[in-house]
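Enquirer: Read off the chains here:
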Amino acid sequence: MRHIWAAGLALALLASTATAPQAASPPNMLVIGTDLSAVPSLDPAAINARTVSEVVSNLYDNLVQIAPNDMQTIRPMLAESWTVSPDKRTITFTMRKGAVFASGNPITAEDAAWSIRRVIKMAQVGSTDVALWGYTPENVDKFIRATDERTLVVELPEPVATDLVIYSLAGSSLGIIDSKVALKNEKNGDLARDWLKGNAAPSGPFSLIQWRPNDILITESRANYWAGAPAMKRVIMRHVPESGSLRLQLMAGDIDVAQYVGAGDLEALAKEKVVIDQVPGFGFYYIALNTKDPDLAKPLVRRAFQHVLDWKALAQTSMRFAGYPWQSIIPKGMVGAPANPLPGYEYDPALAKKLLAEAGYPNGLKKKLFPSGPALLQNTEALQASAKLAGIELELVPGEHTPDFRARNFEVLMGNSGARLPDPFGTAVQYAYNPDNRDAAKLGAYYLWRVAQEAPELTKMVDQSKAETDPAKRKALFEDMDKRYREMDPGLIVLFQRTDPYVIRANVKGYFGHQTWSTRWASVTKE
Amino acid sequence: MSAASRPSQAPADEAGAEDHSERLAVLGRVAGRILSIVLTLLGLLLLTFTMGRLLPADPVLAITGAEVNKATYDRVYQELGLDRPVWEQFLTYLGKVLRGDLGVSATTGHSVLTDLAHVFPATLELAMVAVVTGVLIGVPLGIVAAVNRGKPIDHVARIIGLAGHSVPIFWLGLMALLLFYAKLHWVDASGRLSVFYEGMMEPVTGLLLLDTAMARDWDMFRDVVSHIALPGLLLGYYSVAYISRMTRSFVLEQLNQEYVVAARAKGLSTFQIVWRHVFKNIRVQLLTIVALTLGGLLDGAVLIETVFGWPGLGQYLTRGLTMNDMNVVMGAVLLTGTLFVTINLITDRLYKVLDARTR
Numbered sequence: 001m002r003h004i005w006a007a008g009l010a011l012a013l014l015a016s017t018a019t020a021p022q023a024a025s026p027p028n029m030l031v032i033g034t035d036l037s038a039v040p041s042l043d044p045a046a047i048n049a050r051t052v053s054e055v056v057s058n059l060y061d062n063l064v065q066i067a068p069n070d071m072q073t074i075r076p077m078l079a080e081s082w083t084v085s086p087d088k089r090t091i092t093f094t095m096r097k098g099a100v101f102a103s104g105n106p107i108t109a110e111d112a113a114w115s116i117r118r119v120i121k122m123a124q125v126g127s128t129d130v131a132l133w134g135y136t137p138e139n140v141d142k143f144i145r146a147t148d149e150r151t152l153v154v155e156l157p158e159p160v161a162t163d164l165v166i167y168s169l170a171g172s173s174l175g176i177i178d179s180k181v182a183l184k185n186e187k188n189g190d191l192a193r194d195w196l197k198g199n200a201a202p203s204g205p206f207s208l209i210q211w212r213p214n215d216i217l218i219t220e221s222r223a224n225y226w227a228g229a230p231a232m233k234r235v236i237m238r239h240v241p242e243s244g245s246l247r248l249q250l251m252a253g254d255i256d257v258a259q260y261v262g263a264g265d266l267e268a269l270a271k272e273k274v275v276i277d278q279v280p281g282f283g284f285y286y287i288a289l290n291t292k293d294p295d296l297a298k299p300l301v302r303r304a305f306q307h308v309l310d311w312k313a314l315a316q317t318s319m320r321f322a323g324y325p326w327q328s329i330i331p332k333g334m335v336g337a338p339a340n341p342l343p344g345y346e347y348d349p350a351l352a353k354k355l356l357a358e359a360g361y362p363n364g365l366k367k368k369l370f371p372s373g374p375a376l377l378q379n380t381e382a383l384q385a386s387a388k389l390a391g392i393e394l395e396l397v398p399g400e401h402t403p404d405f406r407a408r409n410f411e412v413l414m415g416n417s418g419a420r421l422p423d424p425f426g427t428a429v430q431y432a433y434n435p436d437n438r439d440a441a442k443l444g445a446y447y448l449w450r451v452a453q454e455a456p457e458l459t460k461m462v463d464q465s466k467a468e469t470d471p472a473k474r475k476a477l478f479e480d481m482d483k484r485y486r487e488m489d490p491g492l493i494v495l496f497q498r499t500d501p502y503v504i505r506a507n508v509k510g511y512f513g514h515q516t517w518s519t520r521w522a523s524v525t526k527e
Numbered sequence: 001m002s003a004a005s006r007p008s009q010a011p012a013d014e015a016g017a018e019d020h021s022e023r024l025a026v027l028g029r030v031a032g033r034i035l036s037i038v039l040t041l042l043g044l045l046l047l048t049f050t051m052g053r054l055l056p057a058d059p060v061l062a063i064t065g066a067e068v069n070k071a072t073y074d075r076v077y078q079e080l081g082l083d084r085p086v087w088e089q090f091l092t093y094l095g096k097v098l099r100g101d102l103g104v105s106a107t108t109g110h111s112v113l114t115d116l117a118h119v120f121p122a123t124l125e126l127a128m129v130a131v132v133t134g135v136l137i138g139v140p141l142g143i144v145a146a147v148n149r150g151k152p153i154d155h156v157a158r159i160i161g162l163a164g165h166s167v168p169i170f171w172l173g174l175m176a177l178l179l180f181y182a183k184l185h186w187v188d189a190s191g192r193l194s195v196f197y198e199g200m201m202e203p204v205t206g207l208l209l210l211d212t213a214m215a216r217d218w219d220m221f222r223d224v225v226s227h228i229a230l231p232g233l234l235l236g237y238y239s240v241a242y243i244s245r246m247t248r249s250f251v252l253e254q255l256n257q258e259y260v261v262a263a264r265a266k267g268l269s270t271f272q273i274v275w276r277h278v279f280k281n282i283r284v285q286l287l288t289i290v291a292l293t294l295g296g297l298l299d300g301a302v303l304i305e306t307v308f309g310w311p312g313l314g315q316y317l318t319r320g321l322t323m324n325d326m327n328v329v330m331g332a333v334l335l336t337g338t339l340f341v342t343i344n345l346i347t348d349r350l351y352k353v354l355d356a357r358t359r
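The listed protein sequences correspond, in order, to chains F and R.
Here the first sequence is numbered in my numbering, starting from 1 and rising by one per residue.
Here the second sequence is numbered in my numbering, starting from 1 and rising by one per residue.
To be clear, the hints were calculated from the coordinates, so they are not data collected in a lab.
A quick note: this is a predicted structure, and the numbers were derived from the prediction, not measured.
Errors might be hidden in some of the hints.
[As the list claims (entries may be wrong)] With a Cα cut of at most 25 Å, we get these calculated DSS-like pairs of lysine-lysine:
| hint | chain 1 | residue 1 | chain 2 | residue 2 |
| --- | --- | --- | --- | --- |
| 1 | F | K442 | F | K298 |
| 2 | R | K70 | F | K197 |
| 3 | F | K442 | F | K121 |
| 4 | R | K151 | F | K121 |
[Claimed, not checked] The following label-pair restraints were derived from C-beta to C-beta distances:
| hint | chain 1 | residue 1 | chain 2 | residue 2 | range |
| --- | --- | --- | --- | --- | --- |
| 5 | R | H155 | F | Q316 | 44 to 54 Å |
| 6 | F | G104 | R | D101 | 32 to 42 Å |
| 7 | R | L91 | F | Q464 | 17 to 27 Å |
Glycine is no exception: its CB is placed at the ideal position from the N, C-alpha and C atoms.
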């Protein structure tokens, strides 16, 4: 027993000698508190989520970039300039002179061609946007090629607005990789897939120092970066899964930027001297109604659902930092987006009741309600409560229901979406496109297919918008699309546009959350 | 061999045969034990695998995200082997396990074995600090409560113990952070090490207290202490209730025994009776309690790990479950199962050391 007491004394002594923790992160170090739990790969070709997009955007530069405060202007990055052929089927990029990779290898057009072709050939999630333009693993070598060290030729397999193509090349999955370093680590022709999961061959301003999933990611600035070494010598992402702890660490200065802060903590932080940057995302919060259900197939029933959610109350509570009221499929500020943000669906249980009676349901309706995931639970509870007043009884089934949504195994569901393409085409193709409504088609990437709603006219218009280059015609096309979408009593009732809140300490300057999730750290300074 | 020599050799033969049969019996017991361990682990894996397949979640979407197109979805589906019959998937998995391959995690991209080698030492270190704390506080508290049964000190001990067990540890963790980290600045808040020290030392055992001490890097050692102190002590406090209540009942049971009455009659003080006699008699029971506590903690304490951003087994397993990352779930369950079996074996051995009757 004496030994136990001695051990106890030793532990107490140990604790008393522990150093008082550092008060704040050093001036040349940026510490980001975030969620690193679902980052299976750092390979640009294999990613499409928010946190990892931010990491990859700082390890790899793209040919072009879009500034966070001006989504419409495409700016040069590793390509100094580009020209479009008169027939609008070929884009020719001239690579930046003197730019080198972290390894010291020069960044050439061949590296750019290899990186883009690799994304298409691997056909992983990173290819989602760029594959829309008709590239396939079989044809990409023919269409994307380097003609000399500084000239990259990108031909289009089918007519597509060239701006759309260039926008997609600014996406985080299309970062330019040091092909020589990557190929040295290739195994069995895997295009270095295995190696790039946890390593990097960077062209961007930061190099990867350490990466432990669910724990920490450390990057260091590159002295030989073409635009000069960034002010932050190190940028560290730390996994802080608990929002309350994140808030405390932010206030103590151990963390400079906090991501994925819970609604309650955001409320509290709003009263402190920090910046809450509510970055609008290209996605929406919606109610999805499966039109395979005979009741929900009736347009009047779907119209009734437009009036059953008290979204104004939600906008003040759970959605205060997660989104703003928006009822169009064209994100705010984009070509063809409505000037008036709230054109229609008011909460009106009496009207909903009347519509249901007209549809043949004078005694109301009973349906199962799914949240797409646990994060949407609060919203579904609100819908359940307000729908009851309209005579709709919703049986709430908590859980992760995205697979059910994709497989059309649901009745009513609430969820949210995201897209990375900074063009209305990105959301239009999700919400208004259904080229094949058969179950066997399994087009789970298109939301309109998920709710089993046929819309041949809209689908045609979305295809048109992909190829249309005239700005005025494009604007008219998206406006028309939005109007027709609303008129068909859609199975997807859009109620909010998403925002991604970033909480930033007041002394941190130049950190701007990017709408396409390509948030870059090179401009960050600390006071 | 002559007939006359036979009788004199008989006892030696008998002894040899006895030896042989004893050896066989030992071998049989060992083989039986090994077989039971293998069957236990196999059953555990089969159960976990079946339950994983019954879950409604989609492992493909855990990798690809919900917006994936059909071609990519189908490719990942095939890569994961989900197009094969379930029994075939299980047998393939078993074959790999026998070759020491626990598969690759869909959510971290690393091999599960590599991940476990990283998260398990974190959990082990935390559990050790917690168990030591639990024993150091819980055992004396239980003894003091038993000796002072019904007196105010007994009630105080009960309140101290039960408060640790009944207040949600998640809330307790946040409150402790608020006080000791945010207000008093005594400890660090998140992870195992400050970001400034990251990458400065190659881990040897993965137990950072041990690694930094072996490297004689006392600054880093203090930093590790500053990180582990709060989650370790809180987790220890959480187990105090269990350990102290059980200790109390063991001691009370002994205090009613005749030998205690005899000892009192001999004029021994309560202190002497408890430390010299009672404690010796409850050692085996206490060992069971400590082993159970340790086993429970080695599963990973997911709530504490979440609050303190501790990269341990609990978080890893929970994340694997929520993301339907079956390789992670199976690997973690296998590790946990093996740990329980090992702790049981060690405890059994210790019983024999501490209590001659069980030999």
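Enquirer: Hint by hint, where does the structure go against what was stated? Just the numbers, ascending.
Expert: 4, 7
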